[in-house]
Amino acid sequence: MPPTADEITAFLSDDSPNAFARAVDQMLRSPDFGIRWARHWLDNVRYAQDDPTCAANDNGTFSIGPYRDWVVKSFNQDLPYDQFIRLQVAGDLIPMEDPELINADGLTATGIWGLAHLIEGNDKEKVIADFVDEQLDVLGRTFLGLTISCSRCHDHKFDPISQEDYYALSGVFYSSHIFTFKGKSARTRHRIQQRAVSTKTEQDQLTEDEKQLANIEAQIAPLEKKHSKALELIKIRRDLEEQLKLKEKAGDDKSEFDKRITELREKESELTADQEKNGWDENPDELKEHAKLITRRDEFNEKVSRFPLRMIIKEGPVPGSRHKTMGDMPIFIRGDHLTPGEIVTRAIPSVFATGNDDFEITGSGRLELANWLTQPDHPLTARVMANRIWQHLFGRGIVATPSNFGRLGQPPTHPELLDYLAVRLVESGWSVKSLIREIMTSQAYQQASITTPDNLSRDPNNEWFGRMNRKRLDAEALMDTLAVHNKVVKRSDLTAPAWKLVLSGRMLFTEFSRDKPPTTSDLFDGANPDLLVPARVDSTSAPQALFMLNNDIVLGTANTLATTITAGSQRRRQRISMLYQQLFGRPASLVEYRLAADLLRISTETRQQLATSDPSDVDLITGPWEDLCVALLCNNEFLYID
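Using the working numbering, you'd call the opening residue of the sequence shown number 295 and step up by one each time.
Don't read these hints as lab results, they were simulated from the structure. All values derive from a computational prediction rather than experimental measurement. Just so you know, nobody snuck in bad clues.
With a cut-off of at most 25 Å between alpha-carbon atoms, the simulated DSS-like pairs for lysine-lysine come out as follows: (1) Lys608 x Lys618; (2) Lys529 x Lys561; (3) Lys505 x Lys582; (4) Lys519 x Lys582; (5) Lys618 x Lys418; (6) Lys553 x Lys539; (7) Lys367 x Lys608; (8) Lys520 x Lys571; (9) Lys608 x Lys420; (10) Lys561 x Lys582; (11) Lys505 x Lys519; (12) Lys476 x Lys418; (13) Lys586 x Lys519; (14) Lys586 x Lys505; (15) Lys586 x Lys520; (16) Lys367 x Lys494; (17) Lys582 x Lys597; (18) Lys519 x Lys529; (19) Lys618 x Lys476; (20) Lys520 x Lys561; (21) Lys561 x Lys548; (22) Lys608 x Lys505; (23) Lys523 x Lys571; (24) Lys539 x Lys529.
Simulated restraints, written as ranges between beta carbons of each label pair: (25) Lys618 x Asp579: 45 to 55 Å; (26) Ser549 x Ala304: 49 to 59 Å; (27) Leu825 x Ala738: 27 to 37 Å.
Where is the CB? At the ideal position from N, CA and C, for every residue including glycine.
Assemble the whole structure, with the sequences as input and the hints as a guide.
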């Protein structure tokens with residue numbers, strides 16, 4: 295979220311040596327911190343709200359909101375990164391100290407494993423194999439910075455990961471499942487969704503409420519089948535009454551209401567004619583019982599829906615698959631699930647093994663995997679996360695390929711620095727916020743993006759971080775910034791414990807479909823939900839400029855700014871200065887003031903010429919200011935961070 299003009303003024307007027315550190319601390323306490331860093335994390339797990347190749351769960355949609363909100367909460371509360379990993383890998387297997395409590399966060403966190411993206415297919419066993427491959431890809435690239443899935447068909451061509459290692463790890467995920475099949479086709483896979491309760495008492499009450507709800511539904515179904523036409527007639531007449539009331543309150547244009555009323559009256563006439571012909575009762579006594587049941591159903595639905603649905607993983611193989619029990623997996627020859635070979639014991643990749651007791655399996659093996667990943671001396675886990683933190687702060691990682699620390703990835707430009715940051719992360723108790731604070735308060739982070747021609751020629755790609763990289767606002771930051779200026783999103787001064795900030799207008803909380811991703815996400819290099827996106831590209835294209843000039847979101851923001859700025863009694867110079875202060879955090883220079891004044895004059899003259907043909911369609915008051923606001927919103931200073 296952009297800082298306010300008051301926040302910028304307060305910072306610039308603070309001459310104390312700790313002024314910058316205080317600003318960093320304020321940012322770390324803001325609930326916006328979790329929203330921002332959660333989006334970084336979700337790029338690496340294929341975050342989306344649907345699976346278009348799946349026919350179950352309302353055409354592939356599933357309840358991923360609780361997982362997303364948990365990630366936001368975890369960053370805001372500075373959940374230690376080792377616990378963050380453990381809960382996602384095996385949160386359902388980690389008990390609470392109080393036996394009455396249920397590890398609700400742990401169950402919610404395992405939703406990460408249901409975000410796999412699959413290609414269309416009807417072979418159930420192939421779908422399971424592809425799903426496990428996607429899960430291993432997330433495990434390898436997101437947590438370890440390794441391309442483990444390259445070993446599905448053969449030994450890794452470049453890294454010391456064998457095909458045996460791949461299937462040793464795959465046995466862990468074959469011994470768990472996050473979906474079931476509801477029919478013969480593989481497209482009928484149904485994500486396992488469970489309501490989020492925190493105590494066993496809540497679970498018992500929920501079970502009883504769901505039982506009562508099912509009983510009521512069973513009583514309603516035959517009544518609705520028997521009296522379907524009478525119920526339809528009642529609904530039509532209720533809708534007709536509502537539309538007539540709305541029409542009375544409508545303005546001059548009532549055409550949409552007239553159209554809807556005509557349609558309802560035609561349906562009413564058809565049903566009335568059918569009733570006269572076939573003699574069914576318009577209002578049978580049984581419908582009184584139906585109305586009572588509907589009321590009771592609504593009451594129990596409200597009780598049940600207090601606990602949101604969340605996607606979870608369960609121990610055991612996919613029910614109905616050829617894998618009947620938890621256990622080790624055979625190697626699939628050339629990756630073909632139809633040609634199994636030698637069975638491989640579940641284990642960590644052999645390159646990491648230090649002894650025979652590294653991976654003693656109980657259950658699926660996910661808990662043991664989580665424990666291994668979060669060992670303080672693990673060679674990759676802390677390094678990969680420390681590199682990601684550096685990447686998001688500087689625009690480029692010390693390892694420029696943040697999800698590939700292997701031979702095909704780029705080597706670290708500063709290996710000793712990466713080692714230092716990894717050690718600091720572990721020593722701080724795996725505190726992400728502590729490491730971010732240490733980096734941001736360093737001299738390296740506080741550099742400007744300006745450089746000299748000599749330094750630019752020596753290090754054109756800034757591999758040595760001799761300056762700060764210039765960064766364009768990404769899709770989410772751009773949309774949220776526009777939403778703030780459009781007054782769609784209110785700034786929040788809430789502190790981190792009040793983490794649940796699902797606000798209307800924030801892009802993170804809008805629908806994010808694989809089938810129809812947001813246009814702004816595609817246009818401004820947002821994450822592709824079909825892929826792991828360890829680092830976003832930063833493109834500049836003509837469609838981006840056209841969007842900023844013509845899109846309703848931008849024009850609406852410009853209109854709000856113009857309406858607000860012209861509502862006061864300030865003179866033109868003051869208004870221009872207010873706009874610059876709000877959008878850029880600084881006053882306008884003399885040259886900028888003159889350019890803005892010229893634009894206002896030209897816009898006014900153009901609108902006056904148009905007014906001669908149709909005066910009612912020309913706004914001479916806010917219109918020129920709206921044009922100025924569009925120009926400022928298209929300015930590089932608004933779109934880029936120096």
